[in-house]
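> Take the sequences, apply the hints, and build the full model.
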Amino acid sequence: MYRLMRWYNQNREEIIVTVIIIALVIIIIQVLNAIAARQNELARQEYANIANTIDNTATSNRDKESVITGEKVPEEEGKKYKDIIKTFVDYCNDNELEKAYNMLSDECKENLYPSLQGFKTNYYDRIFDSYKMYNLENWYNYQDWCTYYIRYIDDILATGNAVSDDIKGDYITIVKGQTDYKINISGYIGRKTIGSRQTNENIEVTIIWEDMYMDYSVFNININNNRENSICIDTKKALYTTCLYDSNSVKYLSYLNEIADEQLIVYRNMVRNLNVKFDKNYNPERKIEGLKMTDIVLNYDNYKNGLEEKTTITIDTKM
Numbered sequence: 002m003y004r005l006m007r008w009y010n011q012n013r014e015e016i017i018v019t020v021i022i023i024a025l026v027i028i029i030i031q032v033l034n035a036i037a038a039r040q041n042e043l044a045r046q047e048y049a050n051i052a053n054t055i056d057n058t059a060t061s062n063r064d065k066e067s068v069i070t071g072e073k074v075p076e077e078e079g080k081k082y083k084d085i086i087k088t089f090v091d092y093c094n095d096n097e098l099e100k101a102y103n104m105l106s107d108e109c110k111e112n113l114y115p116s117l118q119g120f121k122t123n124y125y126d127r128i129f130d131s132y133k134m135y136n137l138e139n140w141y142n143y144q145d146w147c148t149y150y151i152r153y154i155d156d157i158l159a160t161g162n163a164v165s166d167d168i169k170g171d172y173i174t175i176v177k178g179q180t181d182y183k184i185n186i187s188g189y190i191g192r193k194t195i196g197s198r199q200t201n202e203n204i205e206v207t208i209i210w211e212d213m214y215m216d217y218s219v220f221n222i223n224i225n226n227n228r229e230n231s232i233c234i235d236t237k238k239a240l241y242t243t244c245l246y247d248s249n250s251v252k253y254l255s256y257l258n259e260i261a262d263e264q265l266i267v268y269r270n271m272v273r274n275l276n277v278k279f280d281k282n283y284n285p286e287r288k289i290e291g292l293k294m295t296d297i298v299l300n301y302d303n304y305k306n307g308l309e310e311k312t313t314i315t316i317d318t319k320m
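My numbering puts the first residue of the sequence shown at 2, with every later residue one more than the last.
Everything labelled a hint here was simulated from the structure, so no lab data went into it. Hints may contain errors.
[Stated by the list, open to error] Quick list of simulated restraints, FRET-style, between CB atoms:
id	residue 1	residue 2	range
1	Asn306	Asn227	20 to 26 Å
2	Gln179	Asn96	27 to 33 Å
3	Gly178	Ile314	37 to 43 Å
4	Arg152	Thr122	20 to 26 Å
5	Ile209	Lys80	21 to 27 Å
6	Asn249	Asn123	35 to 41 Å
Just so you know, even glycine gets a beta-carbon here, dropped at the ideal spot from N, CA and C.
So this is what it looks like as structure tokens:
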């Protein structure tokens with residue numbers, strides 16, 4: 002005991018300093034833990050506020066009726082559509098890419114994601130960089146498809162990350178097939194078969210189908226040239242020479258500049274198939290009346306070689 006007291010007296014200052022340092026370290030750790038806990042709680046509250054602002058499904062009917070038309074989705078159908086979307090998102094969150102990919106329609110795969118790897122690179126990797134929650138707004142419920150706007154948001158409760166304002170949006174459409182349901186993503190709505198046909202001067206124009214996107218449409222068109230010389234569908238010298246028009250006589254511009262000039266030439270006894278893009282937003286309430294082509298050049302070879310002025314006809318294909 003004497004030796005212990007003697008040692009203490011000889012090292013009193015060092016011992017006191019050591020005790021103070023240890024106490025300070027303990028206090029600092031407790032303070033930092035309290036600050037971290039408070040910050041996490043604030044982050045969770047902020048996230049909850051954002052989620053409530055974005056989602057608020059308990060008080061909002063945005064997934065039950067169209068925010069565009071006000072039309073209500075039948076309750077049973079709406080539940081089925083939302084279950085399908087949930088299944089797709091769950092597959093993506095769980096990294097079951099093949100199952101998610103198999104939910105896409107054949108047309109969606111054909112136009113946007115012809116391979117599983119393409120789907121992974123251009124959709125999954127872009128959106129599902131972390132675990133996602135989502136919110137739905139119904140936009141259109143029309144015939145065999147129902148379109149929602151979907152917002153993907155980070156779930157910080159699952160990822161442990163701070164609140165992010167990185168909210169990714171997409172249009173997702175449920176398509177009723179003959180035996181099951183498929184989905185279309187990335188703003189692709191679906192394909193509508195048309196089959197309209199019109200003939201003039203031994204030139205037959207057939208509109209086979211329309212691929213509808215939220216921001217534009219693509220029409221698949223056959224041009225059958227039964228004449229004895231080459232023709233040109235459009236010389237691209239003016240706007241609206243090839244255009245859609247609706248019941249209000251509104252015209253929709255074609256993007257022929259995206260098609261090579263050679264593709265617009267149809268040689269004699271040849272059928273040319275083209276996919277032509279039009280500046281037509283998706284709106285099922287606005288009926289397209291027809292496709293008008295007003296710059297079809299009958300004497301294209303002589304016109305091209307400067308031997309004649311061009312002779313044109315118009316083919317107006319009703320839908």
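> Mind checking the hinted window 21 to 27 Å against the Cβ distance between Ile209 and Lys80?
For Ile209 and Lys80 the Cβ distance comes to about 35 Å; the hint is violated.
> Cβ-Cβ distance between Asn249 and Asn123: within 35 to 41 Å?
holds (37 Å)
> When you take the CB atoms of Asn306 and Asn227, is the distance between them in 20 to 26 Å?
holds (23 Å)
> Taking the Cβ atom of Arg152 and the Cβ atom of Thr122, is their distance within the range 20 to 26 Å?
With Cβ atoms ~22 Å apart, the hint holds.
> Hint says 27 to 33 Å; check whether the CB-CB distance for Gln179 and Asn96 agrees.
holds (31 Å)
> Please check whether Gly178 and Ile314 have a Cβ separation lying inside 37 to 43 Å.
holds (40 Å)
The structure fails hint 5 only (numbered hints given earlier).
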